[in-house]
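Given only the sequences and the hints, what does the whole structure look like? Please build it.
Take a look at the letters that make up each chain.
2 protein chains.
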Amino acid sequence: MKFRKVVVGGTFDYLHNGHLAIISKAYEVGEQVTVGICSDEMRQLLQKDSAGVQPLAIRLWRLLNELHSRGWLGRTEITILSDPYGTAVSDRNIDAIVVSPETRKRAEEINRIRISKGLNPLEIVEVPFVLAEDGKPISSLRIRYGEIDPHGKRLNHSTI
Amino acid sequence: MKFRKVVVGGTFDYLHNGHLAIISKAYEVGEQVTVGICSDEMRQLLQKDSAGVQPLAIRLWRLLNELHSRGWLGRTEITILSDPYGTAVSDRNIDAIVVSPETRKRAEEINRIRISKGLNPLEIVEVPFVLAEDGKPISSLRIRYGEIDPHGKRLNHSTI
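Sequence order for the protein chains is A and Y. With the working numbering, letter number 132 in the first sequence gets 132, and the count goes up by one each step, no holes. With the working numbering, letter number 44 in the second sequence gets 44, and the count goes up by one each step, no holes.
Just so you know, these hints were derived from the structure itself, not from any lab. For clarity, every value in this text was computed on a predicted model and none was experimentally measured. Incorrect hints may appear among the rest.
Distance windows between CB atoms, simulated [as the list claims (entries may be wrong)]:
1) Asn93(Y) - Thr87(A): 20 to 30 Å
2) Leu131(A) - Asp91(Y): 36 to 46 Å
3) Ser90(A) - Tyr85(Y): 37 to 47 Å
4) Asp134(Y) - Ile115(A): 49 to 59 Å
5) Asp134(Y) - Glu108(A): 32 to 42 Å
6) Gly135(Y) - Phe129(A): 55 to 65 Å
7) Asn65(A) - Leu131(Y): 38 to 48 Å
Where is the CB? At the ideal position from N, CA and C, for every residue including glycine.
Spelled out as structure tokens, the structure:
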């Protein structure tokens, strides 16, 4: 473990292997992990296609069950995000942020805000996309559309 | 079901039969239930004896598992309380609040605030204390002290 406190954030809709890669990396490099999860209001603002995104209660339940089954609950701080930054722009104890290629820009923005406030910038740890069976990244949207399952397995509805 | 939207709030530390009585009543009388759960910062402010109160991640996990096992997750809105009022003093869609004898005063305070803002006061549904085997109310503090378990069963450490 390199860091005392690490942060990750997301909507965590249909918790999938891509999410799990980011989360696992956070607990691998950090002692304590702050997990920010989008509120129900925020998922509607942020996502172009938010129809069908699961309610917070369900997304949280899946996330916490996963953390519990891996023995990580005791190292976890949960925050509900009502904006894209959460405590990442105010908590001086955070050392690093774990991102995907898709969310790296947000981490750079967070660092600009931290620096403007006199806080240390976060070390950015980037985890590559996890690919589905078809070679394209796993995403919640593709799961919601029924193309793949949360492990990236192709669902062949069209072969009927 | 009498109400469209009902609210309950608490720390939900060592989720016990007293909590479950309040929560069950909320889903019995309400179609949608907003469950407010104290943040880690707030439990320290509110409780005289907050040492040993479980972290939010663990309290939330137990709560959501219970709601899932009863089939109630889909009717749930989760909010994290950073003050004792939460959305109960601002959400005009809430019709009622479920309380214990201990938290009734807070509900009356919430109603005073709602009225001062021009919102409808909430109907207050009071659930009696759930008693432990020894006839005294079940409480998280007594569980934490090892006197009883979450179902109110006496733990006789002193009989050794």
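Okay, the hints, checked on the actual structure:
One distance hint, 20 to 30 Å for the beta-carbon pair asparagine 93(Y) and threonine 87(A), holds here, with the actual separation near 28 Å. Under the hint 36 to 46 Å, the C-beta atoms of leucine 131(A) and aspartate 91(Y), about 42 Å apart, fit the expected range. Between serine 90(A) and tyrosine 85(Y) the CB atoms are about 22 Å apart, so this pair departs from the stated range of 37 to 47 Å. One distance hint, 49 to 59 Å for the beta-carbon pair aspartate 134(Y) and isoleucine 115(A), holds here, with the actual separation near 58 Å.
About 59 Å separates the C-beta atoms of aspartate 134(Y) and glutamate 108(A), a value inconsistent with the hinted range of 32 to 42 Å. Separated by about 59 Å at the C-beta atoms, glycine 135(Y) and phenylalanine 129(A) satisfy the suggested range of 55 to 65 Å. Roughly 32 Å separates the CB atoms of asparagine 65(A) and leucine 131(Y), a value that falls outside the hinted 38 to 48 Å.
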